[in-house]
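J.: First to last, the protein sequences are chains A and B.
The first sequence runs 14 to 323 under the numbering used here.
The second sequence runs 35 to 467 under the numbering used here.
Check each hint, because a few of them may be wrong.
[Stated by the list, open to error] Derived CB-CB ranges, DEER-like:
#1 Leu-106/A <-> Phe-464/B: 53 to 63 Å
#2 Met-118/A <-> Lys-283/B: 38 to 48 Å
#3 Ala-465/B <-> Glu-132/A: 50 to 60 Å
#4 Leu-274/A <-> Pro-97/B: 48 to 58 Å
#5 Asp-399/B <-> Ile-125/A: 48 to 58 Å
#6 Leu-274/A <-> Gly-128/B: 48 to 58 Å
#7 Asn-230/B <-> Leu-98/A: 34 to 44 Å
#8 Gln-284/B <-> Leu-106/A: 40 to 50 Å
#9 Leu-257/B <-> Tyr-143/A: 51 to 61 Å
#10 Gly-265/B <-> Arg-117/A: 58 to 68 Å
Just so you know, the hints here were simulated from the structure itself, not pulled from any lab data.
Note that the coordinates shown come from a computational prediction; the quantities given were computed from them, not determined experimentally.
Quick reminder that beta carbons are idealized off the backbone N, C-alpha and C, glycines included.
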Amino acid sequence: MVKYKWPILGVLFVGFATVPVWGSEYVLLFCLLYCLYLAMSQMWNLLAGYTSLLSLGQQAFIGFSGYAVAVLTNYYGVYIWLSVLIGGFFSVLLALFMSLFIFRMRGIYFAIGTWIFAEMLLLWFSNWKYVKYGTGLFIKPPHPPSMTTIYYASLIMGAGATAAIYIILRSKIGLGLMAMRDDEDVSEAMGVEIFRSKLFCFMVGSFITGLTAGVLYVFQIFIQPYKAFAIDWTVILVFIVIIGGIGTIEGPIVGTFIYVLLSQWLAEYAHISLLLLGIIAITIILLAPTGIMGTLHQKTGFAILSPRRL
Amino acid sequence: MEKKKKKKDRYDGISRRDFMKKGAVAVGAAMTSGLVLPKVVKPARAARRKYILIGRPNPSTGPIASFGEPTPWVDERAVAKINKDGGIYIKEFGKKVPVKIKIMDTESNPTKAGEVASRLIVKDKVDLMVFYHTPDTVNPVASICERFKVPGISLDAPLEPWLEGGPYHWNFHAFWSVEKDIVPVYTGMWEQVKTNRVVGILMANDPDGVSWSAVFKKLGAKLGYKFVDLGRFPYFNKDFSSFIDGWKKQNVEILLGNTIPPDFATAWRQCQRLGFRPKVATIGKAVLFPSAVGALGGDLANGLTTEVWWSPHHPFKSSLTGESARELCDAWMKDTGKEWTQPIGYKHAGYEIAADVLRRAQSIDKQTIRNAIADTNMDTIVGHIRYNKEHYSRTPLVGGQWVKGTKFPWELKIVYNKEHPNIPMTGKIFALS
Numbered sequence: 014m015v016k017y018k019w020p021i022l023g024v025l026f027v028g029f030a031t032v033p034v035w036g037s038e039y040v041l042l043f044c045l046l047y048c049l050y051l052a053m054s055q056m057w058n059l060l061a062g063y064t065s066l067l068s069l070g071q072q073a074f075i076g077f078s079g080y081a082v083a084v085l086t087n088y089y090g091v092y093i094w095l096s097v098l099i100g101g102f103f104s105v106l107l108a109l110f111m112s113l114f115i116f117r118m119r120g121i122y123f124a125i126g127t128w129i130f131a132e133m134l135l136l137w138f139s140n141w142k143y144v145k146y147g148t149g150l151f152i153k154p155p156h157p158p159s160m161t162t163i164y165y166a167s168l169i170m171g172a173g174a175t176a177a178i179y180i181i182l183r184s185k186i187g188l189g190l191m192a193m194r195d196d197e198d199v200s201e202a203m204g205v206e207i208f209r210s211k212l213f214c215f216m217v218g219s220f221i222t223g224l225t226a227g228v229l230y231v232f233q234i235f236i237q238p239y240k241a242f243a244i245d246w247t248v249i250l251v252f253i254v255i256i257g258g259i260g261t262i263e264g265p266i267v268g269t270f271i272y273v274l275l276s277q278w279l280a281e282y283a284h285i286s287l288l289l290l291g292i293i294a295i296t297i298i299l300l301a302p303t304g305i306m307g308t309l310h311q312k313t314g315f316a317i318l319s320p321r322r323l
Numbered sequence: 035m036e037k038k039k040k041k042k043d044r045y046d047g048i049s050r051r052d053f054m055k056k057g058a059v060a061v062g063a064a065m066t067s068g069l070v071l072p073k074v075v076k077p078a079r080a081a082r083r084k085y086i087l088i089g090r091p092n093p094s095t096g097p098i099a100s101f102g103e104p105t106p107w108v109d110e111r112a113v114a115k116i117n118k119d120g121g122i123y124i125k126e127f128g129k130k131v132p133v134k135i136k137i138m139d140t141e142s143n144p145t146k147a148g149e150v151a152s153r154l155i156v157k158d159k160v161d162l163m164v165f166y167h168t169p170d171t172v173n174p175v176a177s178i179c180e181r182f183k184v185p186g187i188s189l190d191a192p193l194e195p196w197l198e199g200g201p202y203h204w205n206f207h208a209f210w211s212v213e214k215d216i217v218p219v220y221t222g223m224w225e226q227v228k229t230n231r232v233v234g235i236l237m238a239n240d241p242d243g244v245s246w247s248a249v250f251k252k253l254g255a256k257l258g259y260k261f262v263d264l265g266r267f268p269y270f271n272k273d274f275s276s277f278i279d280g281w282k283k284q285n286v287e288i289l290l291g292n293t294i295p296p297d298f299a300t301a302w303r304q305c306q307r308l309g310f311r312p313k314v315a316t317i318g319k320a321v322l323f324p325s326a327v328g329a330l331g332g333d334l335a336n337g338l339t340t341e342v343w344w345s346p347h348h349p350f351k352s353s354l355t356g357e358s359a360r361e362l363c364d365a366w367m368k369d370t371g372k373e374w375t376q377p378i379g380y381k382h383a384g385y386e387i388a389a390d391v392l393r394r395a396q397s398i399d400k401q402t403i404r405n406a407i408a409d410t411n412m413d414t415i416v417g418h419i420r421y422n423k424e425h426y427s428r429t430p431l432v433g434g435q436w437v438k439g440t441k442f443p444w445e446l447k448i449v450y451n452k453e454h455p456n457i458p459m460t461g462k463i464f465a466l467s
């Protein structure tokens, strides 16, 4: 399998890149959502699965960056994709600011800390006249981008996030991260620069999550604080990563596919959709405690994007 | 063996620079082809189906599910009626074809609503979108309809937040305005009760609470009302004693609220316990539905006032079934055993407009349908619908008061109708204390 790694990935990528040619509009929409959720869940995976930064506050970056895009395009007439990029940088600034406080915490305290930050942002934005309180903003650029353009932006995010996590993990930092994940104190004694590596990953995570959220809201058009900063986002990301397999790069790739497929399919069965989603999650966790790809790896040794150097 | 494996791996490896170079070329090629080719290569996929499809994003679950509750009862009934004689004549098919609907759950979540609407358009290829219930559903779906150039008919969400997303080309909306309808109806009800004109504000920190309190303070002051505003409170607040103390100190006799039902229940119970008994309590949103009113417990609901956008007493008839508002409510109560709710009428009206539009358009061409919506001029079960230049049509609003009922524990009486005297009053407002 490993032998055909690059050809397989290449074919996959070319397949995705040519969706507008061969796919119907619906396939395009599906792949668009897939890429966006993939990018965000890969970043949560990087934090929770490799860096032991269990963040429950990804929605802080999603909402913050989404609002940055809305404000920049609406109030300042900034070119839409430039404002998405600026939104990503805003998200990094937010991460830096957050890290001043939450990097003093560990484990579950860190998780709660990130969540509290997101909740604070929710309160701030819903009480801020500048962004019209809780009414929400419409992202209306003078020349709305076409679906194909938005799709390519999301493809760059999805493929970029996966490539980023792979490159990071193959680097020196990645080795340190994995040592750190197994035992933080020992790895520090062995010379891993824990604080710097964690901060680096946190910033990469916030940047890519922010950019992706920008693209997402360009697609969505309407942003409203109660849902933009809602914990629902992180719940979705956790679902994807846990189902797919936490701490594997393939995990989110498979998990996102399952999630997007289910959410599309289940929306037709309104009253039982959440029930079914719950049952599926429980079944997979019981049958494959380390997620689909994690279990597959344990059983068969299958891993196409392993960060390990053999 | 070990050695062989190592060697193989190295052979497999591709240098980073090489990879980047090849990757960049592939990406470039793929993207150019993606951007240019679709217009050339993609065969025209003509719709081969023989029916008209209406997309129906609906909040079936989540916090605003009580709005979405009459779906699919209303929808199935209305569609059955439209299809009774074979449906609607469409030029493209050269014959009458039935109307079909596709209902999808938005989970009361605007993000999900946007995704669901996109899917209905690109996968199911709906010809028309009909959607309702609060800005959380209407705003995102309207935006998506604009993007994909699909005609949209929406109802049941205050005009002001909807207008924020304009100007619209493909969307048409009907409901009331906070500034032009809610304020006159609320203050009109207060005028009928002798009070000292001091109003205490009980509003949540949400879109409605924030905008309502601002509008009321601005317009109410001109009408001679004094407002005691002790600030917005978060959802599921447990302690309102500081609010109640403040109102008591300033001698508040009118309580003005806009909250979700559980918060009003908490606040209102504490008012009783702490001996705060205003003469009038007019509450938006929290007491719209009989289930929420009943949940207050005891006699607490008696005399609460609220806005009424639709009731069985509205003197309007369905253009689709010929039923009066009363008959539609009776049918609902017979089939479900539940008391009528205000969204039923609006849901039904959506199909009236859709059927009327399609009959006039006689086409599934989106532009033709859009133009037909713009020309709408008809009487529906919620009143007359005629869209203005800004693509909306204001529907009538009156005031109501909850009293002990005969058939159901609590019934809503219409006690104020000054702006719309054609809607009969069914009761006379009384003071709470």
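J.: Tell me if the beta carbons of Leu-274/A and Gly-128/B are separated by a distance inside 48 to 58 Å.
T.: violated, 38 Å
J.: Is it true that Ala-465/B and Glu-132/A lie within 50 to 60 Å of each other by Cβ?
T.: violated, 41 Å
J.: Does the Cβ-Cβ separation between Leu-106/A and Phe-464/B fall within 53 to 63 Å?
T.: For Leu-106/A and Phe-464/B the Cβ distance comes to about 58 Å; the hint holds.
J.: Between Asn-230/B and Leu-98/A, does the beta-carbon spacing fit 34 to 44 Å?
T.: Given about 57 Å between the Cβ atoms, the range is violated.
J.: Is 51 to 61 Å respected by the C-beta to C-beta distance linking Leu-257/B and Tyr-143/A?
T.: violated, 30 Å
J.: Range hint 48 to 58 Å: satisfied by the CB atoms of Asp-399/B and Ile-125/A?
T.: For Ile-125/A against Asp-399/B, whose Cβ atoms are near 55 Å apart, the range 48 to 58 Å holds.
J.: Assuming the hint says 48 to 58 Å, is it satisfied by the Cβ distance from Leu-274/A to Pro-97/B or not?
T.: Distance hint for Leu-274/A, Pro-97/B is violated at roughly 26 Å.
J.: That 58 to 68 Å hint for Gly-265/B and Arg-117/A (C-beta), does it hold up?
T.: violated, 32 Å
J.: Taking the beta carbons of Gln-284/B and Leu-106/A, is their distance inside 40 to 50 Å?
T.: About 44 Å separates the Cβ atoms of Gln-284/B and Leu-106/A, which means 40 to 50 Å holds.
J.: Indicate whether the distance between the beta carbons of Met-118/A and Lys-283/B respects the range 38 to 48 Å.
T.: Check passed, 43 Å falls within 38 to 48 Å.
Violation of the numbered hints given earlier is confined to hints 3, 4, 6, 7, 9, 10; the remaining hints are satisfied by the structure.
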